[in-house]
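Asks: Chain residues, written in single-letter form:
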Amino acid sequence: MHPVLADGRRLAVYMTASLPVALAGTALLAQGRNALPPAPAALIAFPLSVAATLLLLPVWYLCRALPVYETSVSRLVLTHAGGALLTGLAARYLGGSVARLVGSTRPGAGIEASYQAQSAGVMAAGALVYLLAVSFHYVLLGVDATRRAEQHSMELSILAREAELRALRSQVHPHFLFNSLNSISALVSVDPLRAREMCVLLAEFFRKTLALGENPGVTLEEELAVARTYLAIEGLRLGARLSVEEAVDEAARACLLPPLLLQPLVENAIRHGIATRPDGGVLRIEARTDGRRLRISVENPFDPDAPPRPGVGVGLTNVRRRLLAGYGDRARIEAERDDDSFRVAISMPAETVG
Amino acid sequence: MIRVLIVDDEAPARAILREMLSAEADVEILGEAATGLEAVKTAAELKPDAVFLDIEMPKLDGFEVLELLDPQVAVVFVTAYDSHALRAFEVHAVDYVLKPYRAERLREALSRARARVGDRPDPVVLARAVRPPGQYAHRVVVKDGAHIHVIPVERLDYAQAQDDYVALRTEGKTLLKAQTLAGLEASLDPSLFVRVHRSFLVRLDRIRALEPYGKNDHVAILADGTRVPVSREGYVRLRELLE
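So the sequence lines, in the order shown, correspond to chains A and B.
The first sequence lines up with residues 1 to 354 when you count with our numbering.
The second sequence lines up with residues 1001 to 1243 when you count with our numbering.
Think of the hints as simulated: they come from the structure by calculation, not from any bench.
Heads up, the beta-carbon is just placed ideally off N, CA and C, and yes, glycines get one too.
A hint or two may mislead.
To be verified - Here chain B is said to cover these stretches of chain A; the calculated rule only asks that three of the stretch's residues, wherever they fall, bring their Cβ under 8 Å from a Cβ of chain B:
no.	stretch
1	184 to 192
2	237 to 243
3	305 to 315
To be verified - Some chain A residues flagged as far from chain B (calculated, every beta-carbon gap over 12 Å):
no.	residue
4	Gly-8
5	Met-15
6	Ala-120
7	Ile-158
8	Val-248
9	Val-282
Start from the sequences, fold in the hints, and give me the full structure.
Replies: Here it is, written out as structure tokens:
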């Protein structure tokens, strides 16, 4: 469908353009040596320019077939020079017919003769109008292309976001699930109540993880609730080896962050930290805000002599990438390790709802 | 009667193994261990026929434990990690069991352990199977009586074949490990360690100089002054790596 005919607003703008053309035409015909009186000049110029504007609509198809940047200059010049010439000739003869018609209502005024004397000017005007129409259509094509490109890039960013969410969900390590199920399997006979507790915790963890993944931003408190559920499950597996400390400001709890940003850090703290030590240790989560910055840290001991477990650094890299994508240089993440403890610290803008 | 040892760092995981294994008439559970280190020590002391072994554990992982166990011991890996376990077991372990499991599955593993006690494949194949392609050992573990040494590969200068053992040279000490030189070579990154001689595997960055020796041979001078013989084939390999 033609973009001008498909959109009422565009058609209005396009047809309005015939008004100045008609006025200019009237002025042109009503001056000089063979000037026409203003009324007949307008009577000729107006229908002529409206007809030309309408008849030039199909030029869009020509413009679409010959994109400016993909067509050779010679071909563009030849085609549109031809188009201009044809439009000029058509305007001249069409104008002649109109002049004859107008002249027949006022015999003796010499209207047709005056028109014929100016027909070269009409032809030039017709060619000019053609070129204007071509420019208009090229601009229109450009606008549409830009809009399509914008839409495309928006679709791409939506796709990228969906991919990220999918990745987030699958980031929940299957081994965590398998190990937890194995613990349940063990507890069923010896401690049915704890087995049931673990089933409920697992369900809670997956439900919260899925729900959080849908949101563009969640509060730190929601994020911590997921971490607490996760740690409760790991606590049932690791027993006395795991203890957790949480030092979080009230104000910090309301701050927003991308969903499941902390989760990989907490999982790492267990897998590459607490679980590598025969006697376990304390996992410490801290968060504070001064109203402008939000600072979060996750700290854990690890065994420097432990065999390295696969997947070291993957979680941290993901978190770093997500912070960069969401906040650019307004967020920072640093990992420090000393002899037997590891600490990841995030500093990011403190944002709250509303 | 089969005498077994249970190794897992998680108490519930040990509990389910104990529960299922103790239900079997001819199984005697000798004990449990919660770390790889404890596993090796307990196994040396109690001499089990079979070990049910987790992979990710503190101190030593399951693969390292397996290397240090008496070759007669049948090893059944019990793990949630199908990815790297699969490779290892296809070839050398008696069986692998994925967590969680049914009692029948464990019984199956048990009967494989009974059938294959004392039968372990070639250490070279084993060493290759334990590591996925392109991934090599970060460290070498050695049992020295009751003591277990963990040598990071950065600190291993060279290894020398001595009958059924390899002598590992690290930080001025020499440790003996029951392994073939080919088995050790297969577990280490070939861009870091070079077999310069039938009996010598050398860490490339320890070589300070190469001198001709006799008509066809060379000798490598290491950072600590040790002179290591280099065969003709070894010289070709070295040249390739150094270029």
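Asks: So, for every hint listed, does it hold in this structure?
Replies: How the hints compare with the structure:
1. 184 to 192: With 6 residues closer than 8 Å to chain B, the stretch 184 to 192 of chain A meets the three-residue bar; holds.
2. 237 to 243: With 3 residues closer than 8 Å to chain B, the stretch 237 to 243 of chain A meets the three-residue bar; holds.
3. 305 to 315: Our answer is that it holds, as 6 residues pass the Cβ test (under 8 Å) against chain B, meeting three.
4. Gly-8: 61 Å, holds
5. Met-15: 68 Å, holds
6. Ala-120: At roughly 81 Å from the nearest Cβ of chain B, Ala-120/A sits farther out than 12 Å, so the non-interface label holds.
7. Ile-158: 32 Å, holds
8. Val-248: Given that every Cβ of chain B is farther than 12 Å from that of Val-248/A, nearest at about 29 Å, it holds.
9. Val-282: 16 Å, holds
In summary, this structure violates none of the numbered hints.
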